[in-house]
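Trainee: Let the sequences and hints guide you as you build the complete structure.
Each protein sequence line maps, in turn, to chains U and L. Note that UniProt numbering gives residue 120 to position 120 of the first sequence, counting from 1, and the numbers run on in steps of one. Note that UniProt numbering gives residue 121 to position 121 of the second sequence, counting from 1, and the numbers run on in steps of one.
Treat the hints with caution; some may be incorrect.
Copies of the same chain look alike in the list, so a pair counts if it fits in one copy or across any two.
Unchecked claim - In silico DSS-like pairs for lysine-lysine, Cα to Cα no more than 25 Å straight-line:
#1 146 - 2
#2 146 - 13
#3 146 - 8
#4 2 - 74
#5 74 - 60
#6 74 - 146
#7 74 - 88
#8 60 - 8
#9 13 - 88
#10 88 - 60
#11 146 - 88
#12 84 - 13
#13 74 - 8
Honestly, the hints are just simulated from the structure, not real lab data.
There are 2 protein chains.
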Amino acid sequence: MKIEDEIKQPVFKDNHQKSYINLMYTAGWLGLRQAAVFREFGITAPQYNVLRILRGQHPKPATVNLLIERMLDKTSNASRIVDKLEAKQFVTRTVCPNNRRAVDICITEAGLDLLRRIDASGLIEQVGLRNLSDEEAAELSRLLDKIRD
Amino acid sequence: MKIEDEIKQPVFKDNHQKSYINLMYTAGWLGLRQAAVFREFGITAPQYNVLRILRGQHPKPATVNLLIERMLDKTSNASRIVDKLEAKQFVTRTVCPNNRRAVDICITEAGLDLLRRIDASGLIEQVGLRNLSDEEAAELSRLLDKIRD
DNA sequence: TGCAAATATATGTACATACATTAAATGTTG
DNA sequence: CAACATTTAATGTATGTACATATATTTGCA
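Mentor: Right, dumping it as structure tokens:
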């Protein structure tokens, strides 16, 4: 459905405004679908993103700083997301021996297993941009990079 | 900056995954900048969106249902956003006489004035997609519509 | 050495989001 | 018309977001 119909706004000031609104709307639309998948597995999207970063580091630990650097939403509160994952025993948190200000965060076997099950389900791909061709996906990424220049 | 560098992830599974992550990241990036503008005027982005919808209806009232239909994030809690706007006296809320389940929400003169000041500041345009040409903005919107098909 | 600045993380507060539930008013139908 | 279903909005709870502030540790340097 076109964005005009989705939000029942028949006319926009210009293509820039229309595209901006479409971008924010579509990100929310995708986020909702993604969240529904994660909910089946008992986590949220930010928690999933943190787990993926930790898997990328495994078996090395990550610090909160490293998580913030790599998270999609850089200003989100990594500490509290780690709190939730720790409560579910998907990560461990230990004071870093070399630098006692920092905290070493590691994904547990249960965390790795959860990611494996999510990957194996194939549900993530179904929520993605499967309607776009490879070329269209590349062009979209190019335009998005340009927005942030 | 390219998305690979923004989140320090040098390689993606495919263009679809890269583009998906880029979309979510860019929406957050734009949202942060937009929020900074609204903060200067004492409101948040969802509150601004509700005020714009109400201005579009003015002088007719809107119901909570109408707001939900037209909001960018359809699942957000329109009731509580209206609470905040009412506390700042940018909207009024009165029980609808024809249907006492519903609530008539109207933008006040102070609300209209706030929107005028935000528009006049030109700050919104500065946060938008000014790096894209008109054709690129149109192409982006087309791709986004296709994602949601 | 000692003290200020920088670093790393955690916490507090206000707001928003997501979803389930509740409460009141209205519609429907046997 | 009475019982039940539907509609409309508000509320409860858990999580996340944005930013300011606090706390502990380390570093730099006078």
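Trainee: Hints numbered earlier in the text: which of these fail when held up against the supplied structure?
Mentor: 9, 11 and 12
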